[in-house]
Amino acid sequence: MKSDANTFTLPARVLHWLMAIMILAMLFIGVGMVASVSERHEWLLRIHKPLGIAILILAVLRLAVRLRHPPPALPVDLPAAQKLAAHASHWLLYILMLTMPLIGWAMLSAGGYPVMLSDSLRLPPIFPTSPVAFAVLRHLHSWFAMLLFLTFLAHMAAALYHGLIRRDGVLSSMLRGGKKVAVIEPAEMIEPAIEPDSMR
Amino acid sequence: MHDPSILDAPPNRHLGSWALIAAVVALTLGAFGYVGGWLAPHRLTPRRIVDQLQDNAGTFAGYRRNHAKGVCVTGYFQSSGQAQAYSDAQVFASGHTPLVGRFAIPGGNPYAPDSSVPIRSMALRFAQANGQQWRTGMNSMPVFPVSTPQAFYAQLKAQQPDPATGKPDPTKVAAFFAAHPETAAFRAWAKTAKPSASFATENYWSLDAFVFTNNAGKRQPVRWRMVPEATDTGSSVGNGNNPDYLAGDLTQRLSQGPLRWHLLVTLAQPGDPTNDATKEWPADRPTIDAGTLVIEHTGPQESGACRDINYDPLVLPDGIEASDDPLLPARSAAYADSYLRRTSEEAHLPGSAVAQPKPEIK
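Line by line, the protein sequences are chains B and X.
Per my numbering, the very first residue in the first sequence carries number 1; after that it's consecutive.
Per my numbering, the very first residue in the second sequence carries number 1001; after that it's consecutive.
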């Protein structure tokens, strides 16, 4: 139980929480800017593009970290359906955090826009100019954003379920390093019923 | 690892935890819905502006939702070098910059007669050698009727045709102008304005203010306008029975040689309003001739190079920035919505409007 296999490595945890903030901010920035005609529209758009590219770079890095250091196994007693949901939603999150920035980049390329990350930093186009491709990619960007938001909600709810209700160490494997988990988990096992009741 | 009996526990055992999880999810969902506008029905959104444009003019699949009728042009800008002191933009360095432009008339109907409005517009996309772009949309009037997107939306609403008469309700229009005294300068201009016989003889104003920035970090608020070299008032095409006389006039003029405008940049002085397109700056403000716009070719917008360009006024190169004019982000946001609608129609995506044949001219 005290082995490293029960927790995520430090780089994985840092990347997870950093990207959690960035992606959640990105989702709010995205829906906020397209629903605004005020100056918010402009400054949110100015954050949206460089933040998206930063997420893309970190997502590639994170995938590499994950492939090098596989995440801890899920609890053996977790029902098969929940295990499947956990694996499927994690891979969906990876697919979305890698494809969303690429779709956004391709979409601007197809629309003939210069892809400006700042006043002067410009990325090359990654897709030929095409109004049809622009429309498809632009809609895909919205639909994938909604899917990403719903997957995030499910992920957050599941994390809280593991942390508050099952108390099976899944949440703490992303919160704490290996040594602390070994100290805290037995305590959780001794008094499983006290905290949940006191929360009411 | 954990006590399996927990899952068989009475349902109220984890009620607090479940309630907490539900509350966190609901709160996040609610915040998302509010920021995204779904739970903020009173907020003015790009979608509402473009919907209103469609309510006023009808929906014409594949066309821009405003300034729908127009023609494509191509040419270049020959810089004089004089604006370089104020802006780092490559377009102002000596040399020439190719461009794709569009002349149009306001309104959402691509079949409206050219004589139906006294306003003409010019949109340009300068393609700098460094890959950056400058897009601008200008109108042939020195001031805009309103200064905020909210007032623009209210004006559109007031001008929506009454289904009974097919025309705007004069009492609603009068009530709008009474409630918006900032429209006075525009109305004074409109009183004497007549639909011109040519795109070539018009001045085109940026209306909104922008900010030029140079490599010393100096910021200079500006407005600009395109001043034509052509000064004749007539047109040999004649506009008797031809509702599309502007396109004919342009083609004929260009068959005899390029058309030229001068880009005059007006430098604001401290205190000149940059956030109010209804107010002209004092006439004595210094003006620089930044260079010559040369238009060489024209073609129909259905097949021309301008068709797939969104002339978003906030696509700006390094050296030109937006001012605090609240119309600018609203234009950018609404143009993006219009662009998505017409490209979706181009792609025949489900849910997008279907193109109708051109109506018969009576």
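For the record, the hints were derived by calculation from the structure and aren't laboratory data.
Each hint should be verified, as a subset may be incorrect.
To be verified - Lysine-lysine pairs mimicking DSBU-like chemistry, simulated, CA-CA at most 35 angstroms apart:
(1) B:49 with X:1279
(2) X:1157 with X:1218
(3) X:1194 with X:1218
(4) X:1157 with B:49
(5) X:1172 with X:1194
(6) B:49 with X:1218
Said to hold, decoys possible - Restraint-style ranges between C-beta atoms, simulated for each label pair:
(7) X:1023 with B:21: 36 to 46 angstroms
(8) X:1258 with B:67: 33 to 43 angstroms
(9) X:1193 with B:124: 41 to 51 angstroms
(10) B:119 with X:1085: 15 to 25 angstroms
(11) X:1175 with B:94: 48 to 58 angstroms
(12) X:1175 with B:18: 21 to 31 angstroms
(13) B:67 with X:1358: 22 to 32 angstroms
(14) X:1131 with B:80: 50 to 60 angstroms
(15) X:1351 with B:68: 39 to 49 angstroms
(16) B:146 with X:1242: 24 to 34 angstroms
(17) B:18 with X:1358: 17 to 27 angstroms
(18) X:1175 with B:14: 30 to 40 angstroms
(19) X:1302 with B:140: 33 to 43 angstroms
(20) X:1358 with B:82: 57 to 67 angstroms
As the list claims (entries may be wrong) - Examples of chain B residues lying across from chain X (beta carbon under 8 angstroms, computed):
(21) 39
(22) 111
(23) 114
(24) 117
(25) 119
(26) 122
(27) 126
(28) 127
(29) 134
(30) 140
(31) 151
(32) 153
(33) 160
Where a beta carbon is used, it is the ideal one built from N, C-alpha and C, also for glycine.
Results for each hint:
no.	hint	verdict
1	B:49 with X:1279	34 angstroms, holds
2	X:1157 with X:1218	41 angstroms, violated
3	X:1194 with X:1218	40 angstroms, violated
4	X:1157 with B:49	34 angstroms, holds
5	X:1172 with X:1194	24 angstroms, holds
6	B:49 with X:1218	26 angstroms, holds
7	X:1023 with B:21: 36 to 46 angstroms	21 angstroms, violated
8	X:1258 with B:67: 33 to 43 angstroms	60 angstroms, violated
9	X:1193 with B:124: 41 to 51 angstroms	45 angstroms, holds
10	B:119 with X:1085: 15 to 25 angstroms	19 angstroms, holds
11	X:1175 with B:94: 48 to 58 angstroms	56 angstroms, holds
12	X:1175 with B:18: 21 to 31 angstroms	54 angstroms, violated
13	B:67 with X:1358: 22 to 32 angstroms	58 angstroms, violated
14	X:1131 with B:80: 50 to 60 angstroms	53 angstroms, holds
15	X:1351 with B:68: 39 to 49 angstroms	44 angstroms, holds
16	B:146 with X:1242: 24 to 34 angstroms	49 angstroms, violated
17	B:18 with X:1358: 17 to 27 angstroms	55 angstroms, violated
18	X:1175 with B:14: 30 to 40 angstroms	60 angstroms, violated
19	X:1302 with B:140: 33 to 43 angstroms	27 angstroms, violated
20	X:1358 with B:82: 57 to 67 angstroms	59 angstroms, holds
21	39	5 angstroms, holds
22	111	7 angstroms, holds
23	114	5 angstroms, holds
24	117	12 angstroms, violated
25	119	5 angstroms, holds
26	122	5 angstroms, holds
27	126	14 angstroms, violated
28	127	13 angstroms, violated
29	134	5 angstroms, holds
30	140	11 angstroms, violated
31	151	13 angstroms, violated
32	153	6 angstroms, holds
33	160	5 angstroms, holds
Taken one by one, the earlier hints fail for this structure at numbers 2, 3, 7, 8, 12, 13, 16, 17, 18, 19, 24, 27, 28, 30, 31, listed in ascending order.
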